[in-house]
Every structure is written in structure tokens, then in C-alpha cells.
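Asks: Here is how the chains run, residue by residue.
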Amino acid sequence: MIAKFLEISQIAKTFDGVNGPQVVVEDFNLNVARGEFVSIIGHSGCGKSTVLSMVAGLTASSAGAIVLAGKAISEPGPDRGVVFQAPNLFPWMTALENVVLGVEQVQPQKSHKEHAAIASHYLELVGLADSLHKKPAALSSGMRQRVGLARAFALSPQMLLLDEPFGMLDSLTRLELQDVLISLWRQDRKTALMVTHDVDEALFLSDRVVMMTQGPRAHVGEILAIPFERPRTRKVVVEDARYYPLRERIMGFLESQEGHAVPEAVAQTTTRALTESNRAITPA
Amino acid sequence: MAIVELKAVSKRYGETDVLRDIDLEIEQGEFVALVGYSGAGKTTLVSLIAGLIKPDAGTVMFRGKPVTAPGPDRGVVFQTYSLLPWLTVTENVALAVDQVFSDRSAEQRRAHVERYIAMVNLTTARDKKPGQLSGGMRQRVALARALAMEPELLLLDEPLSALDALTRAKLQSELARICRVSGKTILLVTNDVDEGILLADRIVPLEAGPAASLGPCVAVDIPRPRERTALNHDERFKAIRGEVIDYLLSSAHDKRTRNRSSLVAGVVPSLDTTP
Chain A
1 MIAKFLEISQ IAKTFDGVNG PQVVVEDFNL NVARGEFVSI IGHSGCGKST VLSMVAGLTA
61 SSAGAIVLAG KAISEPGPDR GVVFQAPNLF PWMTALENVV LGVEQVQPQK SHKEHAAIAS
121 HYLELVGLAD SLHKKPAALS SGMRQRVGLA RAFALSPQML LLDEPFGMLD SLTRLELQDV
181 LISLWRQDRK TALMVTHDVD EALFLSDRVV MMTQGPRAHV GEILAIPFER PRTRKVVVED
241 ARYYPLRERI MGFLESQEGH AVPEAVAQTT TRALTESNRA ITPA
Chain B
1 MAIVELKAVS KRYGETDVLR DIDLEIEQGE FVALVGYSGA GKTTLVSLIA GLIKPDAGTV
61 MFRGKPVTAP GPDRGVVFQT YSLLPWLTVT ENVALAVDQV FSDRSAEQRR AHVERYIAMV
121 NLTTARDKKP GQLSGGMRQR VALARALAME PELLLLDEPL SALDALTRAK LQSELARICR
181 VSGKTILLVT NDVDEGILLA DRIVPLEAGP AASLGPCVAV DIPRPRERTA LNHDERFKAI
241 RGEVIDYLLS SAHDKRTRNR SSLVAGVVPS LDTTP
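As they're listed, the protein sequences go chains A and B.
Number 284 marks the last residue of the first sequence (the working numbering); no jumps.
Number 275 marks the last residue of the second sequence (the working numbering); no jumps.
Just chain A, same shape as in the assembly (with noise of 0.2 Å):
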């Protein structure tokens, strides 16, 4: 068993501001096991998405290392399926046709029928079996969001990368496709990184939720376990009296980032006692 899938060490990065270099993440430390979901939650603008961008390999860091699989991630690969805030899908397209596209790509030597049958299959399974011949402007953005989670299963990636995959739902929207991903992640227990800055969405899914301190030089606050037995479901996990008690503590961890930056000594000191006791808590 590979403990470290994803070994995310002292990871930093620098963009050139107006005034001068701006160190938006710096020190970012993060090991995520074979078959975990792990979500990052921080405020807008932490740069927790900027840390998925590196890990997608979309950016590049400024410092530090990036390792899949014991492979460094220099580029983006079809190894990692990344699911963004919208889905991009080609408006002249069915449904169908564009997961098929995707499907194509990564497993050329397939026929076109058994591409049609994976794409039809993931489609399906995100509840749009009778969607799969109309293009994206007949979809609510509900829907067109389900077809960018099968496009992303389909496509049979080793991780998943998801960056606020339903932030432009409405909030209940959000739930209802917050249950597909569940139940897709379900069948294979794809090693997963999500970001999102809703703390429901990040406790039902994840496996563990690591807070993002306030920028500049973010980095990891804290990382919190979260117990829930699997499969899940919405009404036992929150019927569970953990519950709100861990919704609690991440509402207020982000409440105390909000506005003030820590002191730079006193947060690299807080960091590394964090990161020691991170490890304590991280499945082996």
C-alpha cells in the first residue's frame, strides 16, 4: 500500500505583483493516500486554488515538489481529471458527444462503440439517461455540470482534481450533485482533491479537510479528520452527532482567518508543530 499517492512538499508560489513579488502560497505541505477524498477549504482568494492549478500541473511552483504515483508533475497528464467551477463543454455537441471526445483521447485504441458505451455508462450513472442527445444549451447548468463529473470519470484519470466543482450552483443544486459525486466516487474510490469554501460539502465528502490560512504565504492551518462511516449519505452523516460539532470548528477556523494575516514568525513556528501534529492524525 502506497501511503504518500499524492506528495504535495514545501510547495511556494510566487506571481510579480504591482508592488514587487507577491508569495501567494509558500511551505505547503500535503500527503494524500491511495482511495482518499481530501478537500482544501479556505476563504476566496487564499490561493487554495492556485495549489490544485499546481498539482493539475496547469502552474507551475515556484519552490518545492510535487510527486504522483513516485512521478514528479512538471505538465498537466491524463493521469489527473480535473473538474473546474463550469464545465467547458463544446456547445455544438451532445451530451454524449462530449464525453465520447474525452474518451477518445485517452483510450485510442478502443472502438468507437465501446467509447459511445463508456460515455453512455458514466452519463447514465449521473442521471442523465435521457439527456444524452441534447447539447449543452438544452441542460440547466445542473445538468451540465453531472456531464462534466461523468466526462472526468469517464476518462478513468489515476486522481481527480476538483476546483469548486459546484460553486455556480444554487446551494441546493449543489446538494443534489454533491450525492452523484458521492455515488460515482462510490464505484471506484478515485484518490481525489477537491477545493471548496463550503464546509457542508467538504465534511460529506471528504475523508479529511485541510484549511487554508488567509494569504499572502498561505499555507496549511489545520487539518481535521473526518470520521464518517462509508458508503454515505446525507441524512445519517447529518444526523451524526459529530456533525455539527465538526462544522463548528472549521466555520471557526475560517472565521479567525478572516482578515488578519499572521504574523510571519509566529506562523512558521505554528506550521511546523501543525505539520508534526498532521501527521499523527493522517491515515497511515
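No wet-lab data here; the hints were simulated from the structure.
Just so you know, not all the hints are guaranteed correct.
[As the list claims (entries may be wrong)] The calculated label-pair distances, taken between Cβ atoms and stated as ranges, are:
{"#": "1", "chain 1": "B", "residue 1": "Ser10", "chain 2": "A", "residue 2": "Asp130", "range": "24 to 32 Å"}
{"#": "2", "chain 1": "B", "residue 1": "Ala118", "chain 2": "A", "residue 2": "Asp130", "range": "32 to 40 Å"}
{"#": "3", "chain 1": "B", "residue 1": "Glu243", "chain 2": "A", "residue 2": "Arg34", "range": "32 to 40 Å"}
[What the hints assert, rightly or not] Cross-link-like lysine-lysine pairs, in silico, DSS-like; alpha carbons within 27 Å at most:
{"#": "4", "chain 1": "B", "residue 1": "Lys238", "chain 2": "B", "residue 2": "Lys170"}
{"#": "5", "chain 1": "A", "residue 1": "Lys235", "chain 2": "B", "residue 2": "Lys238"}
{"#": "6", "chain 1": "B", "residue 1": "Lys255", "chain 2": "A", "residue 2": "Lys235"}
{"#": "7", "chain 1": "B", "residue 1": "Lys170", "chain 2": "B", "residue 2": "Lys128"}
{"#": "8", "chain 1": "B", "residue 1": "Lys129", "chain 2": "B", "residue 2": "Lys170"}
{"#": "9", "chain 1": "B", "residue 1": "Lys184", "chain 2": "B", "residue 2": "Lys170"}
{"#": "10", "chain 1": "B", "residue 1": "Lys7", "chain 2": "B", "residue 2": "Lys255"}
{"#": "11", "chain 1": "B", "residue 1": "Lys184", "chain 2": "B", "residue 2": "Lys65"}
{"#": "12", "chain 1": "B", "residue 1": "Lys54", "chain 2": "B", "residue 2": "Lys184"}
{"#": "13", "chain 1": "A", "residue 1": "Lys190", "chain 2": "A", "residue 2": "Lys110"}
{"#": "14", "chain 1": "A", "residue 1": "Lys134", "chain 2": "B", "residue 2": "Lys128"}
{"#": "15", "chain 1": "A", "residue 1": "Lys135", "chain 2": "B", "residue 2": "Lys128"}
In this text, a Cβ means the ideal position worked out from N, Cα and C, and glycines have one as well.
With chain A's structure known, arrange chain B on it following the hints.
Replies: Using the frame of chain A, we list chain B on its own:
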């Protein structure tokens, strides 16, 4: 006496039934949150009460009289702020105040505008134009403008939904405070159950569309001020939240299953039966 009264109201656009058989009463001084999915018809309901559109069936009454047109007695704040970009914060608010209170002196109107800008904490930004303000600040200008008209009823249509989570949380607390001091009758439309519970006296769920009706009302009997983080150990909060979310999710599920089986007989997605 109910200040707003809807009886058996239905509204359709072309072939699509949007609202069906809506009955709703809002008491003087009450804060009601209408919670439902995007596209369920929440804005249609607000527009009916505001007098911007007319129902196809049923009656919409305000203060015992049928609603026939918009008026300054009902202030509306939409998700998009609709501020005039070439006017400053003060001028945007003054524009509304000058219309509604044309009988008052210029000095009185100026003081009135300033009071409401102060209420939403924008005094330091009063000479800025919308382009120089953040989304949260613009929404506060829109709120100040609506409040400054001193309407009898305030209709808030997803006023915070376009904002990021942090700004939204801050404005929710501020909205709670403003509502307490103003003592207005308010109808808040939102898709966020937590927002409804944080702010309102009563939650009215609107089931998923098409042909949406209202679900059973839930009284929010949690003492004020309500604090977001502390609510996590409030038993009433948990119970109300569970009840409203359950109702809304199952209404959507039922409706989709029904629509689907009428389209493709016997085909129901097997999402729930996966191992």
C-alpha cells in the same frame, strides 16, 4: 392583519406553468424567507408582489387592496444591484429619496440620505462611484436605497447570492442588524437554507419547478441575535435545517422521477442502488 395576502395564485409563461396555487400571508413586521431552487419561480413570486407582473389566476393583495402596479410602498432589492454607474453612492440613494419625498426640503432629504448610508456603513465611501466599490459594497448601496424609500414592505430577491462566501456571511450579519433596527416587514428570497434560518422568523419552502407550490411553513423559533458559528450547537437550528432541506430535496426528486417516467417509461437511473 396580513400586510401581504396571496390567494390561489398561478402564473405561467407560454406553455410552462411556473407557479401553481400559491397561498401566502405575511404579517406586519414579520421577516419571511422564501427558500427554493434557482429557476423554481422565486423571482416570479417577488415580481407578482412588487406589481411588476400580473397573475394568471388568483389574487395578490397588499394592505387589503389588489396589487395592480409597482409603488414606493414596496421596495425591491435584486441580485444585480442596478445602480447608475455615473452617480456616486450618495447620488444613487438621493435619486430615490428625491422622488419619494419630494415634499420635504432639500436639507431634510440630504440628512435622510446620509442616515441610510450610515446605516449600511458606507459613509466613508459616499462619494465613490459603483465602479470603485466591491460587490458587497454595491449591494449595500442597493439596500440603503431601498430602505431610504421607507417602504412598508421590503422585497429582497437573492440580494447576497452573487457574493463570495466570506462577504456573504458578513453582509448576512449586517442585514440581520439592519432588519432589527428598521423593524420592517421583509420577504427574503434565497436558495441558501442557512441564510433563511439566520435571518427570518419563518421559512416558506418553494418546491422545485415547474408548477411549483409552497411547502409547509417552518417557524424559526431561535432567539436573536443569532450567531452563525454558535448555531451549530443549537438543537432547533439542526432540526429546522434538516426539515427544510429534506423537504426541498425530496420535492425535487419526486418531480424529476415523475417527469422522467412520463418521458421514458420504466427508465429510472440506478444511482441509489450502486454498491
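Asks: Next, verify each hint and record whether it holds.
Replies: Status of the hints after comparison with the structure:
Distance hint check for serine 10 of chain B and aspartate 130 of chain A: the Cβ-Cβ separation is about 28 Å, which falls inside the suggested range of 24 to 32 Å. Between alanine 118 of chain B and aspartate 130 of chain A the beta carbon distance is about 55 Å. The supplied range of 32 to 40 Å is therefore violated. For the hinted restraint 32 to 40 Å between glutamate 243 of chain B and arginine 34 of chain A, the CB-CB distance of approximately 39 Å keeps it satisfied. Pair hint lysine 238 of chain B plus lysine 170 of chain B holds up; C-alpha atoms about 22 Å apart against a cutoff of 27 Å.
Pair hint lysine 235 of chain A plus lysine 238 of chain B holds up; C-alpha atoms about 12 Å apart against a cutoff of 27 Å. Restraint check for lysine 255 of chain B and lysine 235 of chain A: the C-alpha separation of about 20 Å stays at or below 27 Å, so the hint holds. For a cut-off of 27 Å, the pair hint linking lysine 170 of chain B to lysine 128 of chain B stands: about 21 Å separates their Cα positions. With a C-alpha separation of about 22 Å, the suggested pairing of lysine 129 of chain B with lysine 170 of chain B holds against the 27 Å cut-off.
Taking the CA atoms of lysine 184 of chain B and lysine 170 of chain B, the gap is near 20 Å; set against the 27 Å cutoff, the hint holds. A hinted pair counts as satisfied when its Cα atoms are at most 27 Å apart, and lysine 7 of chain B with lysine 255 of chain B qualifies at roughly 24 Å. Using a Cα cut-off of 27 Å, the hinted pair lysine 184 of chain B and lysine 65 of chain B holds, with the two alpha carbons roughly 19 Å apart. For the hint linking lysine 54 of chain B to lysine 184 of chain B, the alpha-carbon distance of about 25 Å falls within 27 Å, and the restraint holds.
Between lysine 190 of chain A and lysine 110 of chain A the alpha-carbon distance is near 22 Å, which keeps this suggested pair within the 27 Å criterion. This hinted pair does not check out: lysine 134 of chain A and lysine 128 of chain B have alpha carbons roughly 47 Å apart, beyond 27 Å. With a C-alpha separation of about 44 Å, the suggested pair lysine 135 of chain A and lysine 128 of chain B falls outside the 27 Å cut-off, and the hint is violated.
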